[in-house]
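Visitor: One-letter residues, chain by chain:
Protein chains: 2
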Amino acid sequence: MNDVRGRTVAVVGATGAVGIEMVNVLHDRRFPVAELKLFASARSASKKVQTPFGEKTIEEFRPEALKGIDFVLMAVSGDFAKAHAPALAKQGSIVIDNSSAFRYEPEIPLVVPEINASAAIGHNLIANPNCTTAILVMPLWPLHQAFGLKRVIVSSYQAASGAGAEGMAELEDETRKWAGGGKIGNKVFAHPLAFNVIPHIDVFQPNGYTKEEMKVTWESRKIMGLPDLKASCTAVRVPTLRAHAEAVTIETEKPVTPEAAREILRAAPGVKVVDDPASKTYPMPVSASGKYDVEVGRIRESLVFGPNGLDFFCCGDQLLKGAALNAVQIAECLLPGLRKAA
Amino acid sequence: MNDVRGRTVAVVGATGAVGIEMVNVLHDRRFPVAELKLFASARSASKKVQTPFGEKTIEEFRPEALKGIDFVLMAVSGDFAKAHAPALAKQGSIVIDNSSAFRYEPEIPLVVPEINASAAIGHNLIANPNCTTAILVMPLWPLHQAFGLKRVIVSSYQAASGAGAEGMAELEDETRKWAGGGKIGNKVFAHPLAFNVIPHIDVFQPNGYTKEEMKVTWESRKIMGLPDLKASCTAVRVPTLRAHAEAVTIETEKPVTPEAAREILRAAPGVKVVDDPASKTYPMPVSASGKYDVEVGRIRESLVFGPNGLDFFCCGDQLLKGAALNAVQIAECLLPGLRKAA
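As they're listed, the protein sequences go chains B and G.
Quick note on our numbering: the first sequence kicks off at 1 and runs consecutively.
Quick note on our numbering: the second sequence kicks off at 1 and runs consecutively.
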């Protein structure tokens with residue numbers, strides 16, 4: 001990196017599934033961290049945690065304690081973000097918020113750096129997108145640039161950790177309980193998740209879609225700058241631990257062949273074409289977990305839209321590209337002097 | 001039932017997941033069974049099994065042993081069915097075959113009784129459809145009659161038992177192994193299934209679709225008599241034990257509202273509208289397992305096709321409506337004198 005000046009970085013919500021990955025990604029990508037501060041609720045304050053930056057002590061969140069911090073990465077609830085993010089930004093920090101609190105405000109950028117990095121420049125409050133959307137737009141954007149998107153239909157296969165560390169723990173604990181002869185229960189999820197699928201993520205909207213489903217429509221449009229894109233999602237929780245999968249059908253403006261799509265996607269940053277049926281190679285949660293790239297495969301001509309359409313399957317780690325990685329990538333875009341070198 | 005004359009019935013493949021359910025369904029629906037004979041491979045011959053008809057001894061399959069049998073329900077491989085079903089039919093039995101061996105032969109009817117019962121009349125070899133398709137067409141057909149189908153896009157969430165009793169056993173055994181600290185393995189499935197999803201069911205075709213996916217297209221067209229229907233599926237194995245779920249998007253000829261669709265579906269035989277998001281009520285594998293009806297819910301206007309389209313989610317027990325129940329229903333259609341009384 002050309003710019004070696006270290007920055008002070010705070011992670012707020014540092015004990016959650018996304019917060020922990022934010023710290024890991026900062027280290028792994030050699031973000032120039034001069035000082036790292038980890039914040040969480042009073043419950044976790046004074047707790048010591050092991051991180052790639054050494055042992056750290058969790059501090060209770062107080063806005064005053066973040067004065068002078070260059071970058072604040074927030075992995076907190078929408079309500080908490082609403083209450084504090086604008087003040088932290090006003091205080092001078094660049095705030096990157098992983099909640100949905102600001103994603104739909106026209107003046108606040110919603111950024112996936114491979115697509116609209118420039119939208120972040122000059123802003124000090126930036127929204128990080130919904131996990132399912134961030135994974136989806138990675139293949140959609142290069143396909144749009146090459147062939148033009150008309151319609152997008154998505155069915156998701158979302159992992160338990162999309163509901164946070166508690167979600168992952170519930171699936172593991174209840175599965176162990178089942179193995180011991182017990183009954184599978186639920187607290188985090190609306191229904192027992194082990195050996196089940198639940199077509200219900202986030203709250204229902206008046207139009208019958210869940211908020212998770214509408215996020216895919218709203219956020220895909222905003223990130224790609226396609227306000228009239230026809231996009232629809234069925235969001236389904238499945239008993240996987242990590243990495244969301246998505247079955248996607250697109251209609252395109254121009255004709256597209258699977259091979260032309262593969263060529264475009266092979267050249268796309270952050271995308272990995274994993275598409276060799278003969279060797280049983282296709283995107284799967286077990287292979288995409290822990291990876292930065294979004295896997296794309298099962299690419300074939302749509303039987304519904306013909307030569308102007310494709311069916312494909314993609315899979316990405318929703319804690320990484322769907323959350324922590326994307327947030328750190330946004331911060332990288334805002335390291336002055338670094339953008340040109342990237 | 002008006003016609004009380006009992007029939008002789010044979011189940012071939014009686015020790016498999018589907019064969020066992022065929023026996024249960026025959027009893028549960030009070031099919032007029034005068035004599036029940038259970039056949040399987042030499043490996044299971046002489047084995048005694050408990051059934052609702054009392055203890056039965058499995059016989060090794062020999063065509064001669066089925067002479068004079070009125071109804072033969074086959075739950076065997078395509079190759080086995082090809083080798084024996086035509087001869088059994090020629091011998092005088094009515095043969096209902098659950099394999100894909102005969103489904104695409106123009107002169108052999110492929111039947112879902114709620115849709116095309118009359119196609120079975122006069123035939124003595126009838127094909128039982130693919131499980132995912134049988135579940136799908138249950139809501140599609142009444143919607144087609146009311147609003148006209150133009151396009152159908154399906155993503156499936158298919159249970160381990162779709163791969164037979166061994167598939168279900170592998171998921172259970174490997175999950176228990178994981179709970180005991182072991183590594184999740186696979187033999188039946190292409191990859192480990194516990195905590196994973198696998199976008200690969202049956203063999204790949206030259207067009208990039210799997211045979212399972214093409215079955216949905218081919219069989220939906222044949223059962224509903226819509227040879228030009230544009231239909232596409234992504235078939236995905238998920239770590240559930242029983243009951244397939246499907247996320248479905250349709251485009252219709254006529255405008256359709258979710259409420260009009262619900263009204264049509266409420267009146268449709270074999271369909272249960274399970275659609276009350278406010279009380280977290282929607283189709284799920286855990287609720288659809290063991291049930292005859294296909295659950296349909298999450299019915300909403302398509303964001304992609306507007307007032308001429310719907311998104312919905314359905315779930316059905318693939319061992320019942322997807323296999324054993326449908327086969328017994330076909331046999332019921334062919335009990336002379338019974339059709340009028342049904």
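Simulated from the structure, these hints should not be mistaken for laboratory data.
One thing to keep in mind: the hints can contain errors.
Remember, identical chains collapse to one label, so a pair may be satisfied in a single copy or spanning two.
[What the hints assert, rightly or not] Restricting the straight-line Cα-Cα distance to at most 30 angstroms, the calculated cross-link-like pairs of lysine-lysine (DSS-like) are: (1) Lys56 to Lys280; (2) Lys187 to Lys280; (3) Lys230 to Lys254; (4) Lys187 to Lys254; (5) Lys187 to Lys177; (6) Lys82 to Lys150; (7) Lys67 to Lys177; (8) Lys56 to Lys230; (9) Lys37 to Lys280; (10) Lys37 to Lys90; (11) Lys230 to Lys177; (12) Lys187 to Lys150; (13) Lys254 to Lys90; (14) Lys48 to Lys254; (15) Lys67 to Lys90; (16) Lys47 to Lys230.
Visitor: Does the structure break any of the earlier hints, and which numbers would those be?
Guide: 1, 4, 6, 7, 8, 9, 11, 12, 13, 14, 16
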